[in-house]
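Undergrad: When you get a sec, could you build the whole thing from the sequences and use the hints?
Protein chains: 2
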Amino acid sequence: MAVEADILIPIFQLVAILLSAKLAGAAAGRIGQPPVLGELLAGIVIGPSLLNFVERTDLFAFLAELGAIVLLFEVGLESDLSELKLAGPPGAVVAAMGIVLPFLGGWAFAILFLADGTVALFVGASLTATSIGITARVFSDLGRLVTREAQIVLAAAIFDDVVGLILLSVLVSLAGEGVVSIPSIAITVVLALVFVLGSIVIGARSWRRLVPLVHRLRVRGVLLVFAFALALALSGVAAAIGLATIIGAFAAGLVLAETEERARITRDVKPIADVLVPVFFVIMGTLVDVRTFLDPAVLGVAAVLTGIALVTKLVAGYGLRDRRLNRLAIGVGMIPRGEVGIIFAGFGLTLGVIPPALYSSLLIMVVVTTFAAPPLLKRLMVRPPEATEPLTGGGGSRSPP
Amino acid sequence: MAVEADILIPIFQLVAILLSAKLAGAAAGRIGQPPVLGELLAGIVIGPSLLNFVERTDLFAFLAELGAIVLLFEVGLESDLSELKLAGPPGAVVAAMGIVLPFLGGWAFAILFLADGTVALFVGASLTATSIGITARVFSDLGRLVTREAQIVLAAAIFDDVVGLILLSVLVSLAGEGVVSIPSIAITVVLALVFVLGSIVIGARSWRRLVPLVHRLRVRGVLLVFAFALALALSGVAAAIGLATIIGAFAAGLVLAETEERARITRDVKPIADVLVPVFFVIMGTLVDVRTFLDPAVLGVAAVLTGIALVTKLVAGYGLRDRRLNRLAIGVGMIPRGEVGIIFAGFGLTLGVIPPALYSSLLIMVVVTTFAAPPLLKRLMVRPPEATEPLTGGGGSRSPP
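Protein chains in written order, with this note's numbering: chain A, 1 to 401; chain B, 1 to 401.
Honestly, I wouldn't trust all of these hints.
Said to hold, decoys possible - Chain B stretches covered by chain A per the calculated footprint, using a threshold of three residues with CB under 8 Å from any CB of chain A:
| hint | stretch |
| --- | --- |
| 1 | 20–27 |
| 2 | 56–62 |
| 3 | 239–246 |
| 4 | 260–270 |
What the hints assert, rightly or not - Computed far set for chain A versus chain B, every beta-carbon distance over 10 Å:
| hint | residue |
| --- | --- |
| 5 | LEU86 |
| 6 | PHE109 |
| 7 | ILE111 |
| 8 | ILE187 |
| 9 | ALA204 |
| 10 | PRO212 |
| 11 | LEU299 |
| 12 | LEU349 |
| 13 | ALA357 |
What the hints assert, rightly or not - One-sided and incomplete, this derived list gives chain B residues near chain A with beta-carbon spacing under 8 Å:
| hint | residue |
| --- | --- |
| 14 | PRO10 |
| 15 | ILE11 |
| 16 | LEU14 |
| 17 | VAL15 |
Just so you know, the hints here were simulated from the structure itself, not pulled from any lab data.
On a predicted model such as this, the values are computed, not experimentally measured, just so you know.
Just so you know, even glycine gets a beta-carbon here, dropped at the ideal spot from N, CA and C.
TA: In structure tokens, the structure reads:
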């Protein structure tokens with residue numbers, strides 16, 4: 001039977017995404033790099049920059065979003081709530097330093113050499129982001145999600161996302177009205193806190209009440225579908241109050257990680273993640289425009305911004321006092337700006353605050369930090385933590401060895 | 001972090017699709033009906049006719065298509081190529097009778113009471129369709145896919161689809177140019193035959209060469225992703241030459257069913273099917289417009305067309321001579337017109353051949369046949385074949401008991 005032509009092209013694009021992701025992922029693994037790096041490169045190759053076969057259409061934006069949701073849902077399922085609670089205080093320290101230092105660094109550089117006022121604030125803000133997706137994926141691929149380092153980075157990335165949201169709200173209202181609306185910021189802060197804590201408490205209770213129903217419904221795949229629907233629903237609620245969808249997915253995973261159904265749900269989510277998660281990373285790769293890499297001025301600014309971005313997050317890891325931790329790995333885990341950094345810079349561009357050349361520089365910073373972190377993190381995490389943590393040297397802002 | 005608003009609504013729509021599908025599916029099961037009936041009804045309830053919360057957007061059209069692809073991929077994986085070869089000749093008989101009789105019935109009724117020429121041909125053609133998806137799902141839910149009856153219906157539905165494609169090409173060129181282009185029809189026929197046979201032969205050989213590579217690629221989920229990509233690729237090729245995507249997906253399943261990896265692939269495809277297949281049936285439900293059920297003239301024509309649609313396909317089942325077969329079940333399995341019937345009627349409408357009222361009648365015929373077949377088939381297939389097949393009465397066009 002005949003089929004609509006608009007379904008034909010996306011089908012072949014999806015085939016290209018899946019095959020290139022696995023081939024490039026395996027090739028990356030062959031040379032000792034994490035598969036996610038190969039998937040990002042696959043996106044550059046099949047994306048608008050080179051082969052121009054796949055781009056981020058509405059359809060693939062949605063599938064990529066589902067991929068990010070499934071990834072963080074899986075990460076939540078594999079996390080341990082009590083471990084994460086322990087990781088909360090150190091995570092808050094790393095997040096605070098990982099926001100303040102990059103912000104000040106980026107702001108100071110911009111105000112001294114590039115522009116004034118609001119532009120500098122946007123540059124600083126773009127440097128604060130942490131892409132939880134990249135780091136979580138690397139820890140997951142290495143089977144090191146249950147380490148304290150991984151949990152601290154996850155906790156820090158969640159704090160970072162919540163603070164980033166507030167920062168973005170402040171900057172957007174500054175760029176729009178020239179004034180900061182204290183009530184709207186207060187509402188955002190309260191909503192974010194209520195959501196992150198509330199979804200875990202309420203989610204766990206609702207699930208306990210839902211479970212007898214789920215077991216009574218005698219239809220195929222009902223447990224998986226309800227679990228997946230919970231992840232989608234919390235993602236949607238998170239997005240509705242202005243947070244990232246993936247925070248909701250992570251919360252849903254945490255809720256279900258505490259239940260008896262954890263093993264079955266984790267097993268059934270895995271094949272879905274196998275197919276959808278690569279879509280997220282390949283599509284992220286397609287956003288890279290390799291032509292911007294050719295302008296010397298853009299490259300120069302990008303190099304400085306990237307240096308600030310790398311050093312400030314590394315220093316944030318050393319904000320922790322506990323020397324038994326692999327603090328270098330924690331700092332590296334905070335480095336990738338990923339889609340979050342792109343969103344910041346993109347807001348600046350579309351609001352007319354950030355000029356296109358500066359946007360390109362910020363994009364290169366995002367790309368380099370995103371691509372540099374996975375191989376570094378892999379190298380740091382396959383060795384035991386003690387091996388990378390020097391026995392001498394205090395806490396504070398000591399630079400890495 | 002902020003997220004695009006256009007992702008928010010589809011996320012909640014997907015939650016509504018998944019939850020309503022499972023709840024309605026379980027409710028249908030509770031009153032002895034197949035879950036797919038509940039899923040179709042869920043689509044009517046949340047669709048434009050009633051709650052108007054979900055409609056068939058480009059995104060959900062694609063996800064539904066993926067659902068149909070995964071469903072037929074799974075059906076192919078569970079099928080047995082040697083069984084299906086045995087089912088070929090009887091399948092061809094059922095398909096031939098199941099095309100000729102409904103076509104003549106619909107054409108005769110239309111030319112006598114409704115309209116002339118091309119309109120009557122479109123009405124006849126709309127009655128010939130068989131929706132392999134509905135029937136395959138019911139057999140699958142009952143665990144009766146490996147019965148001869150199921151394999152004959154599947155074989156017949158494939159023949160039906162290929163012939164339906166040819167018929168549609170003929171009618172579209174008739175409606176457009178007033179003449180039938182013999183060369184273009186010949187090309188279509190050859191392409192269809194080459195694809196269905198070729199994809200199985202070439203697909204099996206390529207997979208055997210691919211398997212050592214797949215096993216050498218040490219990345220997560222590589223076997224599943226390559227298998228899924230094969231299903232998508234063959235679906236795309238099928239669509240590109242004008243066949244239904246699902247024929248390609250079915251062929252991919254048949255190819256992989258003959259391999260050593262069958263068990264692992266089947267196990268990993270199941271959770272993906274759990275999530276995507278209900279999307280297909282709920283979205284099909286959203287296409288129903290309940291308001292058309294209120295016009296007496298539309299209903300009258302619909303009643304006659306539905307009667308012709310039911311009786312002619314039942315008679316087609318009795319075209320088989322082998323009395324050990326549950327021929328009534330085979331006839332019932334051919335009844336649902338599903339999305340294929342909607343496509344036929346829709347082509348007639350968009351070409352300006354079929355008037356809107358007649359389109360409504362055809363749509364009701366499609367809906368009733370699609371909704372009536374699953375409960376009938378379930379009743380017929382849960383009893384052993386002998387119990388429903390009377391010991392007296394010959395083959396040919398005997399009416400059902």
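Undergrad: Please go over all the hints and tell whether each is borne out by the structure.
TA: Cross-check of the supplied hints:
no.: 1; hint: 20–27; result: holds (count 5)
no.: 2; hint: 56–62; result: holds (count 4)
no.: 3; hint: 239–246; result: holds (count 6)
no.: 4; hint: 260–270; result: holds (count 3)
no.: 5; hint: LEU86; result: 25 Å, holds
no.: 6; hint: PHE109; result: 23 Å, holds
no.: 7; hint: ILE111; result: 25 Å, holds
no.: 8; hint: ILE187; result: 15 Å, holds
no.: 9; hint: ALA204; result: 19 Å, holds
no.: 10; hint: PRO212; result: 13 Å, holds
no.: 11; hint: LEU299; result: 27 Å, holds
no.: 12; hint: LEU349; result: 14 Å, holds
no.: 13; hint: ALA357; result: 24 Å, holds
no.: 14; hint: PRO10; result: 6 Å, holds
no.: 15; hint: ILE11; result: 4 Å, holds
no.: 16; hint: LEU14; result: 6 Å, holds
no.: 17; hint: VAL15; result: 5 Å, holds
The structure agrees with every numbered hint stated previously.
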